[in-house]
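Residue numbers (this note's numbering), protein chains in the order written: chain G, 3 to 424; chain Z, 3 to 424.
No lab work stands behind these hints, which were simulated from the structure alone.
Since the structure is predicted, the reported quantities are computational estimates derived from the model, not experimental observations.
Only true hints are included.
Since the list can't tell identical chains apart, any single copy or any two copies may satisfy a pair.
Lysine to any residue pairs mimicking SDA-like chemistry, simulated, CA-CA at most 25 angstroms apart:
1. Lys6 / Phe189
2. Lys187 / Ser5
3. Lys23 / Thr404
4. Lys121 / Glu80
5. Lys28 / Phe189
Number of protein chains: 2
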Amino acid sequence: MNSKPRVIIVGSGFGGLEAAKKLACKDVNVTVIDRTNYHLFQPLLYQVATAALSPADIAAPVRAVLSKCRNVEVILAEVQSIDVDAKKVKTVDLDIDYDYLILATGARHSYFGHDEWEKLAPGLKSLEDAIELRRRILLAFEYAEKITDEAARRAALNFVIIGGGPTGVEMAGAIAEISRHTLAKDFRHIDPSEARVVLIEGEPRLLAAYPEDLSASARKQLEDLGVEVRTGARATNLSEAGVQVNGEFIPCRVKIWAAGNNASFVGKTLGAPVDRVGRVIVNDDLTIPGHPEVQVIGDLANFPHQTGKPLPGISPVAMQQGRHAARNVLAMTHGRKPQRFRYWDKGTMATIGRNKAVADLRFMHLSGLPAWLAWLFVHIVFLVGFRNRLVVLFQWAWAYLTFDKGARLITRNFQSEQRPPA
Amino acid sequence: MNSKPRVIIVGSGFGGLEAAKKLACKDVNVTVIDRTNYHLFQPLLYQVATAALSPADIAAPVRAVLSKCRNVEVILAEVQSIDVDAKKVKTVDLDIDYDYLILATGARHSYFGHDEWEKLAPGLKSLEDAIELRRRILLAFEYAEKITDEAARRAALNFVIIGGGPTGVEMAGAIAEISRHTLAKDFRHIDPSEARVVLIEGEPRLLAAYPEDLSASARKQLEDLGVEVRTGARATNLSEAGVQVNGEFIPCRVKIWAAGNNASFVGKTLGAPVDRVGRVIVNDDLTIPGHPEVQVIGDLANFPHQTGKPLPGISPVAMQQGRHAARNVLAMTHGRKPQRFRYWDKGTMATIGRNKAVADLRFMHLSGLPAWLAWLFVHIVFLVGFRNRLVVLFQWAWAYLTFDKGARLITRNFQSEQRPPA
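Build the full structure now, drawing on both the sequences and the hints.
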């Protein structure tokens with residue numbers, strides 16, 4: 003390595019990848035470290051979980067995305083901690099020195115102290131999560147088809163989603179749709195459209211971060227699809243058999259967790275102040291107190307300097323912060339100070355199903371078909387990699403025209419294949 | 003259920019699926035039992051293992067393929083044994099009665115008594131196998147990129163494939179291609195094209211079932227890609243560190259098994275004679291001795307009545323036998339006798355890489371580009387499901403034009419995610 007400043011970016015999500023792109027072919031050496039070898043387009047993860055898209059459709063190999071500029075290298079490694087005094091990133095198998103650090107390790111779901119619920123009700127943050135949920139959802143219908151016990155059959159066709167944010171809304175809508183359209187003609191002993199989809203939210207309304215009219219519209223659109231929406235309801239207990247909701251027991255085989263997030267544990271190793279969910283409370287320029295060479299961005303950061311509340315954990319925030327952090331690094335390498343970050347809020351959107359969505363564009367609110375078209379446009383445009391964009395567009399067009407979903411695979415772990423009974 | 007004869011088909015591979023299609027909308031009740039929910043287009047499995055295609059591209063949900071005719075039902079279940087006297091198929095959770103049985107449970111790879119080698123050198127029969135091999139191959143390059151020990155780096159870039167039949171030839175060619183083209187520009191500390199691909203075959207030539215000129219051509223085409231071909235060579239020992247071949251130790255991280263098959267254990271539960279690798283030796287009409295209501299087809303069957311040797315375990319044999327078995331069932335339900343099966347041999351082909359293949363069309367032998375075009379045409383035409391065909395065609399066209407491979411994902415098992423160190 004030559005004597006250019008060395009920048010380490012940990013995490014290749016929306017924030018980390020934008021930072022890396024911005025520093026590519028610049029006068030710094032960049033090392034991107036991630037524990038996966040792909041950038042994941044997380045907003046479409048629910049479509050993998052509901053068999054509409056394949057994992058590779060929403061994941062782009064980080065190496066390929068960043069291969070053009072020789073000043074960027076990519077390392078597949080699991081980061082354990084940051085030593086801010088020694089300026090080292092410690093991974094399982096090697097330590098790497100940095101001059102500047104951009105930390106973007108994101109968040110996982112949180113079970114509010116009930117970690118034992120994770121196996122019962124997987125969340126939806128990684129490709130592995132999505133493949134596991136797809137397996138459980140499809141298996142539930144297979145099980146219902148062959149079981150003769152009526153109570154067990156009904157429990158297999160009950161799907162309970164805990165958490166009424168965008169992920170919960172999208173999962174509820176998508177499961178209702180596959181049961182009513184995709185699977186409708188494929189079974190002989192059950193009617194998949196009898197599947198009961200229950201969406202549970204502790205707040206008084208769905209999509210609590212959206213304007214009230216869009217929350218109400220989302221609820222209406224979900225109910226049109228046959229989803230049972232229960233607001234002001236809390237899951238107080240989970241078991242294999244079902245979910246306890248406000249005193250009522252709902253028997254169900256498949257439970258999905260979309261209720262809470264915890265920031266990545268790596269943030270806590272910085273020694274900087276963190277909030278209740280583990281997010282690092284950053285300065286208004288994204289650096290941490292006492293260490294201008296360390297910036298934290300995306301879901302791992304708590305940035306309260308603009309609205310008084312932390313900015314939401316959504317991709318536009320992460321992407322803008324990623325680009326800003328890269329600009330700050332370049333400024334510092336030229337002896338200038340890091341600049342204050344300002345989020346430019348272009349709005350948010352969530353999809354519910356075919357022709358169904360809500361979009362808050364700030365200057366106007368959209369529901370139904372217009373919102374869905376806006377969602378479609380934005381998600382196609384921002385999908386990383388030209389090839390993915392075409393494949394996804396084709397899969398969507400096909401699914402739209404035929405109600406068919408192409409990725410209905412129940413895969414298992416390697417070597418869990420059946421062996422002859424001993 | 004009404005009083006129509008009940009036909010059970012076990013297995014939804016090429017043989018079972020053809021039989022089911024032939025019996026669809028006929029005057030019988032058909033139950034298809036499989037332990038996966040999809041029909042797998044096995045000839046393209048090596049393309050999943052080498053990141054060219056996604057699992058869903060080569061797998062079609064059996065239910066969807068067979069949904070049109072109401073006389074066909076599909077059950078996801080693991081068959082344990084057949085009770086030919088009671089005419090029952092026994093699965094893990096239920097027993098199902100049949101009047102006619104078509105058994106098509108195929109084969110797995112065999113390690114010649116060294117079952118402990120399976121974890122070291124996975125084979126390539128299922129989607130899970132392919133995903134695991136893809137993970138190992140891609141991880142080897144990632145590991146080589148970051149390791150500083152020179153011997154370990156070289157071992158990570160050595161790929162040993164054991165078995166020079168079609169699967170071994172295809173895997174060797176595909177790994178050589180991704181290392182020389184797809185990955186060429188993505189690394190900073192290694193040159194992926196230095197990867198050493200070694201193909202080991204015990205017989206004196208590759209593709210022993212092919213004509214000699216095509217074996218020679220396959221070898222030449224592989225060597226043009228940089229593959230080291232060793233015929234008359236046997237792997238005498240395998241370990242994490244490498245493979246012992248004819249006394250020489252080849253250090254290598256990734257080992258791939260393509261050497262032998264064992265028929266599914268279900269065949270042995272019939273009580274009919276089986277051969278050395280567990281295939282059921284069938285009568286010339288595909289039935290088993292003493293039980294005309296039971297037929298065995300595809301890789302599970304040993305059919306020696308045409309050439310004196312068993313027919314090869316390839317999809318055209320299975321498909322023709324599947325259709326024949328269905329016709330036999332219909333004949334028997336009308337009081338007629340099952341008919342003798344005759345295989346119509348239209349030839350075989352194996353692909354080696356871009357513009358590289360061999361094809362034995364019986365009336366002529368093809369090599370190189372013409373063989374590759376023939377291979378492409380046949381594989382596109384026979385891919386089950388229109389949608390898959392278009393997606394695969396697009397992926398191939400893209401890969402051909404750009405040398406890019408779209409499905410370079412290293413996925414892990416659910417909940418093997420890293421946790422904070424305790």
